[in-house]
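Top to bottom, those sequences are chains A and B.
Our numbering applies: residue 1 is where the first sequence begins, and numbers increase by one.
Our numbering applies: residue 1001 is where the second sequence begins, and numbers increase by one.
Incorrect hints may have been included.
Which chain A residues face chain B? A few, computed with CB under 7 Å, are given here [to be verified]:
hint, residue
1, 56
2, 80
3, 97
4, 100
5, 101
6, 378
7, 387
Hints are computed from structural coordinates only; laboratory data are not their basis.
Just so we're clear, the structure is a prediction, and the values are computed from it rather than from any experiment.
In this text, a Cβ means the ideal position worked out from N, Cα and C, and glycines have one as well.
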Amino acid sequence: MIPDMNELQTELHDVEQAVADAIKYAKQLGVSAAECAMSRSSGINVATRLGEVETVEFNQDGALGITVFRGQQKGSSSTTDLTAKAIRAAVEKANDIARYTSEDPYAGLAPAELMATEIPDLDLCHPANQSAEFALEQALACEQHALQLDPRIVNSDGAGYSSHVGYRVYGNSHGFVAGYLQSRHSLSCSLIAKSGDAMQRDYSYTVARHRDDLWTPHQVAEDAVQSTVSRLDGRKIATAKVPVVFRADVANSLFGHLVAGISGGSLYRKSSFLVDHLGKQVLPSWLTVQERPHLRGALASSPFDHEGLATHDRDIIKDGVLQTYLLTSYSARKLGMEPTGHAGGIHTWEVTHQVENLAALCKKMGTGLLVTELMGQGVNIVNGDYSRGAAGFWVENGEIQYPVEEITIAGNLKDMLANIVAIAGDVDARHGVRTGSVLLEEMRIAGV
Amino acid sequence: MQAQNVEHNLLHQHDLDSDKLQQSLATLYTGAIDFADIYLQSSVNESWVLEDGIVKEGSFHIEAGLGVRAVHGEKTGFAYADDISPQALQKAAAAARGISLAGENKQVNAFSRSAVGLRYPAVNPLASLNEHAKIDLLREIDAYARSLDPRVVEVIASISGSYDEILVAATDGTFATDIRPLVRVNCTVLVEHNGRRERGSAGGGARVDYHYFTAAVDATPRWKAYADEAVRQALINLEARPAPAGTMPVVLGSGWPGVLLHEAVGHGLEGDFNRKGASAYAGKIGEMVASELCTIVDDGTLKDRRGSLAIDDEGTEAGYNVLIEKGRLVGYMQDKMNARLMGVSPTGNGRRESYAHLPMPRMTNTYMLAGEHDPEEIIRSVKRGIYAPHFAGGQVDITSGKFVFSASEAYLIEDGKITAPVKGATLIGNGPDAMRQVSMVGHDLALDQGVGVCGKDGQSVPVGVGQPTLKLDAMTVGGTD
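Chain A on its own, in the form it takes in the complex (with noise of 0.2 Å):
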């Protein structure tokens, strides 16, 4: 069974005419502005083990949010209960508790000249087959080749397919309503591999908006079992200062600080370890991130942000510059600045790379650290203090030597951003920022 575009698209128009009541309803409560949120989601979830179907799950999942604002008081309130009887109740709520919240004279909406005016269509949603059979072959089909393909997998921890769609509707009292429809669709497979009384466990994954997108299950368990079987045998390597590799799919958390490092919440508390960083140089000269709201079919695309705010193309680093802040509206008046459409988050970064891939740039660093997995939460954005459990591999003359575990690297985030090296071209585009492997000129290795 696929669901049915048209019918979504139906079920969309009555929704955006639910969150026009819900703020017409505000109104007639006698607030000053009000917005609302709602979204949904349908769809499958199955795991297997070891060939045997392990969970089937059926999904809907379904809130609406709404925030009401009286003068410059605000109260806010969630339901999941979607029918209007619930969503009055709701709108009630939220207009209780603005009686009780303190004057914030940087609240309200977002401007209203900046409203998204056109909803491009940027295809997001491709609904695919959700029915328990094709899934679960999926994930069996995934599963079963991986099991074969090296002795060393002795276990699984299972594959699992999802697919889902849903849409995303946003509406404020400027008269703004607008929607858009979503598919995701993923497939995984995690499996463990031992070698003597030690075993270790990693994974693989695709995700893309249309089911055509995904590796297919067999591209998807050899990834598995490769990054599984490379693991075994790994040692800890001594405490020392080295250059280090972050590997594509470890790399964009490093570009996950600097949001983190640039959004307005961070800043106006001056919480961050880049304040006043705004024209400033805070990557090496050659290197610039453009951010592409608008790329078709991406998971990271939206026509327009959490508060009806129009997004575009922009520049975020250019010749290793910082162009803009990420602020919402809220952020931008509490700095005096304007709002950039990152009310919900970033769309779609791109980093520039001049390495052609990973092995190239292994070769580059010589003697170092490729890091391939990071754990653990030590990252201080307010000062940019960074340390972190890390495994991965050593690498001597550019050529992988042995896989190294229980360590942790070191460093200070400005440093790091700072002296990044090089970038390669093995791009992930699994993750909202888009960028390959990253050489980093030095870390601190703790081990042994």
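With the hints as your guide, set chain B onto chain A.
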């Protein structure tokens, strides 16, 4: 009385009753299905946040729904609905049944309503203070924290509460209800001195109402103690220098550092990972997996604690379960499915985030029992190492056993004395190895203040942790110095 109210709210108000649940279970309980259950829940929560000296945010959330599960061997069919009605129940039951082939109808056991002693009050905390009083409490925290030190430049204070009613009915005759209050207050401060900014944070909570925070412990209201602690931590961090890097002895403080046990040991002892052979502790029952100084328990029975439960989310009474006794692995934490597949009894650890999530073995309050040493004696025994009384959180890979956690407050120990504060200390190790390194255990067992949230497979549940002061002879410390 309490149970009848829950039945009224979750069933009768929605045109349901225990007979209808029984009939619905009977339609599921056919052929190869070993077990089925229905979980109904209604939940409200609120939170109020103060920042910049004003109460900026107030929010309220309401949800109710039901989940139906059918289990056949290792297979589970699951569906849920975000409304409670006979139609929603029927539809979810039909979807959940999808995993099994048709077959003979089996007899659903008659429901037995068992009474479990109260482990926390059946109160709705949201109603325990009026909105003005909640806001006044936040303002008091703000004013008090700012009064503690001129270097305090920002205070973020929050108060939140939730009230849950749950009902679970199963083919094995389970018919159980619970009322679960949960409250929390948090205080975060930012301090600034000579251009350097640091943060400190503290808070607490329990399964009680909001009066908990104004109640005094040692003559100080709890909310004041949180503000004192947040400011103290932030000021210490202002003085902190980079942590050393390398392998050295580590002394963990009592209370919240028990997050080490939660990560390094607890997750690895959850039944599902062990049934699947995916845990570093799989197949090791009866073996020595820690130094003989270590006895570790998971205890859902503690009064009013954040991680406590009267019954788990499968209706099993929460228990006091010894996991490791004097270093020897004696038991795993189980839900019904994993217990059945492993041929043991459920331990009251079957938990789920909500009706929209499947239950699985989860921790409640996990802690190490007290030992014999004086905490000061433990510090004195270290020539050069780290003392870590506070952690920001951690993560574990249960298959390799590796864990990581980050200290939010730490000091150097030099020649048996605590000296300079250090920042950015990350500890990394391997669960079984680290537990063998435990060489001294203090007599000062303490539990955390009631702020723990545990995540597993995308599901969050409230938990507690605790331990006495502990010494580990060698751990890798990841600093920058």
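A quick look at each hint next to the structure:
{"no.": "1", "hint": "56", "verdict": "holds (5 Å)"}
{"no.": "2", "hint": "80", "verdict": "holds (4 Å)"}
{"no.": "3", "hint": "97", "verdict": "holds (4 Å)"}
{"no.": "4", "hint": "100", "verdict": "holds (4 Å)"}
{"no.": "5", "hint": "101", "verdict": "holds (5 Å)"}
{"no.": "6", "hint": "378", "verdict": "holds (4 Å)"}
{"no.": "7", "hint": "387", "verdict": "holds (4 Å)"}
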